[in-house]
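Going down the list, the sequences are from chains A and B.
Each residue of the first sequence is one higher than the last, beginning at 1 in the working numbering.
Each residue of the second sequence is one higher than the last, beginning at 233 in the working numbering.
Quick list of simulated restraints, FRET-style, between CB atoms: (1) D130/A x R318/B: 44 to 52 Å; (2) E314/B x S23/A: 50 to 58 Å; (3) Q189/A x G388/B: 44 to 52 Å; (4) V316/B x P142/A: 55 to 63 Å; (5) M127/A x H357/B: 32 to 40 Å.
To spell it out: a stretch of chain B is covered by chain A in this simulated footprint if at least three of its residues, at any positions, have a beta carbon under 8 Å from a beta carbon of chain A; those stretches are: (6) 419-429; (7) 447-459; (8) 476-488.
No lab work stands behind these hints, which were simulated from the structure alone.
Glycine included, C-beta positions come from ideal geometry on N, C-alpha and C.
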Amino acid sequence: MSVRISVKDLNKTFTLHTQGGTSIGVFSDLNLEVKAGECVALAGESGSGKSSLICSLYGNYKPQSGSIDILHDGETVDILTATPREILDIRNRTMGYVSQFLRVVPRVSALDVVAEPLFSLTGDQAMACDRAAFLLKRLNIPPTLWSLPPATFSGGEQQRVNIARGFSVEYPILLLDEPTASLDAGNCQVVVKLIKEAKARGTAVVGIFHDEEVRDEVSDKLFEMRSFKEAA
Amino acid sequence: MQDNSKPLVSAQGLTKYYGDMIGCKDVSFDLWPGEVMGIVGESGSGKSTLLSCLSGRLQPSEGDVSYVSREFGPVDIHSALEPVRRKLMRTEWGIVHQNPRDGLRLGVTAGANLGERLMGTGARHYGNIRSKAIDWLGEVEINADRIDHFPKTFSGGMQQRLQIACNLVTEPRVIFMDEPTGGLDVSVQARLLDLLRNLVARLGLSVIIVTHDLAVARLLAHRLMVMKGGQVVESGLTDQVLDDPQHPYTQLLVSSILQA
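Construct the complete structure from the given sequences, taking the supplied hints into account.
Laid out in structure tokens, this is it:
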């Protein structure tokens, strides 16, 4: 199967200029490869750089050196040297990301939050809304909530809206940061199913799963962060 | 359709001195069709000077701005003939001032404010102008029965929405915004931001927005330029600049936000 993500010699350090230039090493010389249809689970204790790696893959954090080659439209693009425009194009079409927390925009309904990625990709409002409704239903968000902005939703409901949004487009690559952290067992199983379906379509998945049961069910490989942290 | 494979606005080495004071120094960038670029930085960092140079309202000391016009093709803004520049400002460009009273004429009605810009592009049919004005009032969520009222009877938020509508009636390609949400209370600001976000996405507008509010920048801008002392100290994808700022000044700016 084709390699969708290829990370080589990646180094990430935070330099805190407001704290007297303190330097915090996150990971160094990190190498990782993720193929189509494969799910790699990042393992390591809190603070071991799992989220930082996901953020780096998504172009949200800026590593100091190395490369992150993403297969985009049949070509490899290095996230470290890509322009903002290229990264946005990759995010629109190739790489999805489910963060730990939903960033809510005032006045935008749950349905629109979920439909937005597919709508901006295709321009087809009706299709995007159908897909959004389908996902919200699967994730057990009651239809009475769909027209409301998610700001007032519970933590678990917000996270499910966030997951639905992440699965709105069938991305070739999916990054998941603790997608099941505040979900009950039933909803966890829905997410497991969604991940398995994505893998079956050939999606390359990189995830952080604190729930070991979920992790064992969806992941093909464990990627231990500790050694890269110690080297940093 | 517009050509999406080329930048719409391109700035090269833009520099503006006020005497020996630096307004902005050596700013270069490309703005692509449909792209929203935020310029952030504290008061006095040169944001508004840069915006004025970009939009052709201020002659830079050095550097140039090129723009690909629908009507004229590639235009060098600062060496273009005055009629060309004026035409562009009336049609393909829009400018949203922080204070709506700088962009509106308060002594004539809302409909006349909208109609004036349309007439500047050659529209003469009263019925068409009026129906277009009503459409645009609707777009910015102003009730059509306010069309014959004077803007001075509008609230600050309504005035700002009217100013935006006045800019959009001529279907511009580039909008320059200077602190469009400054001075509005938060609920009004949220509504305006939502409106701007939708209009920009739906109409595929290119926008350069100056703001000191990083939350506004995060919501609207695809990418950011951070200015300090007239120079761009950091630029990049909006969420990257805000979540993993590299320059000491950007770090200070981001860490200074109060969490509500």
